[in-house]
Amino acid sequence: MAPVAPRSGDAVFANIERVNAELFTLTYGAIVRQLLTDLEEVEEVNKQLDQMGYNIGIRLIDEFLAKSNISRCVDFKETAEVIAKVGFKMFLGVSASVTNWEADGTCCSLVLEDNPLVDFVELPDTCQGLYYCNILSGVIRGALEMVSMKTEVTWVRDMLRGDDAYELRVKLLKQVPEEYPYKDDE
Amino acid sequence: MGKREVVESCMDNLMIEMVSAYCNQFYATKPELAARRIEAIGYHVGHQLSERYTMEHPRFSDHLEAIKFICKDFWSELFKKQIDNLKTNHRGTFVLQDNRFRWLTRMSISPTNTDLSQDSSITTIENKALQATSMYLYFPCGIIRGALSNLGIACAVSADMSNHPACSFVVRVKA
Amino acid sequence: MQFFGGSEISPAPSAPTGSGNNAHMMYIFNRNGVCLLYREWNRPLRTLNAQQDHKLMFGLLFSLKSFTAKMDPTSVEKGNLGVPQLPGQGCSFHSFRTNTYKLSFMESPSGIKIILVTHPKTGDLQEPLKYVYNLYVEYVVKNPLYVPGTPIRCDLFNTALDQYARSLA
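Chains as they are written, first to last, in the working numbering: chain A, 1 to 186; chain B, 1 to 175; chain C, 1 to 169.
Hint data in this document are derived by calculation from the structure and do not stem from the laboratory. Careful: at least some of the hints might be erroneous.
[What the hints assert, rightly or not] Pairs of lysine-lysine, DSS-like flavour, derived with a Cα cap of 30 Å:
#1 K174(A) / K70(C)
#2 K3(B) / K89(A)
#3 K87(B) / K68(B)
Please take these sequences and the hints and turn them into a complete structure.
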């Protein structure tokens, strides 16, 4: 049976069904490409990728929690570390670092130096303004919302745009407590 | 460098969102257009993968050789197993059967629910599930068509999932 | 924690069979109070309609969580009774026992609540509940045909769950 302590991202990654990353990367690329054709506006594609990521995040969170054996995510700082160290490692096999904390502890950066989504990708000039990896920011936003944290996630650096790393800025807007869902007189 | 891998659910979730975006959002009332887009995405993926996996491979002498490559090497790269059964009528039609097709194994729905007392609604749900499942299958059909097209074979590919979770892909080579 | 524990009051239930007839029923709720699943294996007495029953169960857990956190002697941050908490905030209760049944509970940080009602003599069920959470992930969350937040209708999940419930001693 499962050990009680939270598992490391490496341990989970090693013990979970994995697939060829080429298939994943090329599928993502083909989806982005098709969306660019169908939606025409780059801004619309960014939005669509973010929405798809969000939908993935709200499902992925349970797999993440169940497999990593994490039983609480209340503190934003701890949660950010867990996403970077366990989450990225567990799903994509790469780890991120958490930096640039704001003094009040509500905003930080996740920095990725290696990113399987962009293997074999070169953006043509016609894709100016495209956040190719926007699905990732959606995933993080969706997953955090399921653990009661409303966040805003934006790209600060993007290697496809010539930066030296991928950097996501994650800002905690508010923590939403669980409400009693029924009215008293029902 | 070893082959890079990601966790299976990354791929599963990507497919769920791709199908959902095209079927429920963009072409909610035009399933045939949604199907065409999903197939096109698959085609692109298959074409590129086949390109990569045949780089050091000698040219295939005939259609059967190319199809065998899809059944063995190509399928193994994607699903870590080979196609279980290959049949052909020797006139350009090939049936590739995977006895436990990975992308179907998690699909399940049970109509027997207490809040569904009417038979008609059960049928609707079953039909919907069937329709949704077939939408997912346009993706691997596209992959196979793309892979073969890269090997110089123009064909049409359809899928039959009547023995779920087994799945048969029917390849008809264009004369 | 254990309520009303200690001396058994009649009517005493029959001893646990050991052969796997100890699970009475299971509920799974999401963070919005939607009953995603109700599964029953052995429930001779039923007095409420399904909706009332689910609502009552959710209300019981909601209040109990709030009370247990309020009474926690080890924590300074308690908040006010009835003021909503974040899932996973404060202490969490695992089970209570009456003379006729035991209720075991787990909640994920994403607010998925799994409740298993069993024979009162059943042992600790935290690990089995986590196992059920894993089943939920594998068969429900990863089922492409499942729409998040809706009642679960997955054959594979129900079969796996029934099988597992029978194996509980």
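A quick look at each hint next to the structure:
Pair hint K174(A) plus K70(C) holds up; C-alpha atoms about 23 Å apart against a cutoff of 30 Å. Between K3(B) and K89(A) the CA atoms are separated by roughly 16 Å; this keeps the pair inside 30 Å, and the hint holds. Restraint check for K87(B) and K68(B): satisfied, since their Cα atoms lie roughly 11 Å apart, inside the 30 Å limit.
The structure agrees with every numbered hint stated previously.
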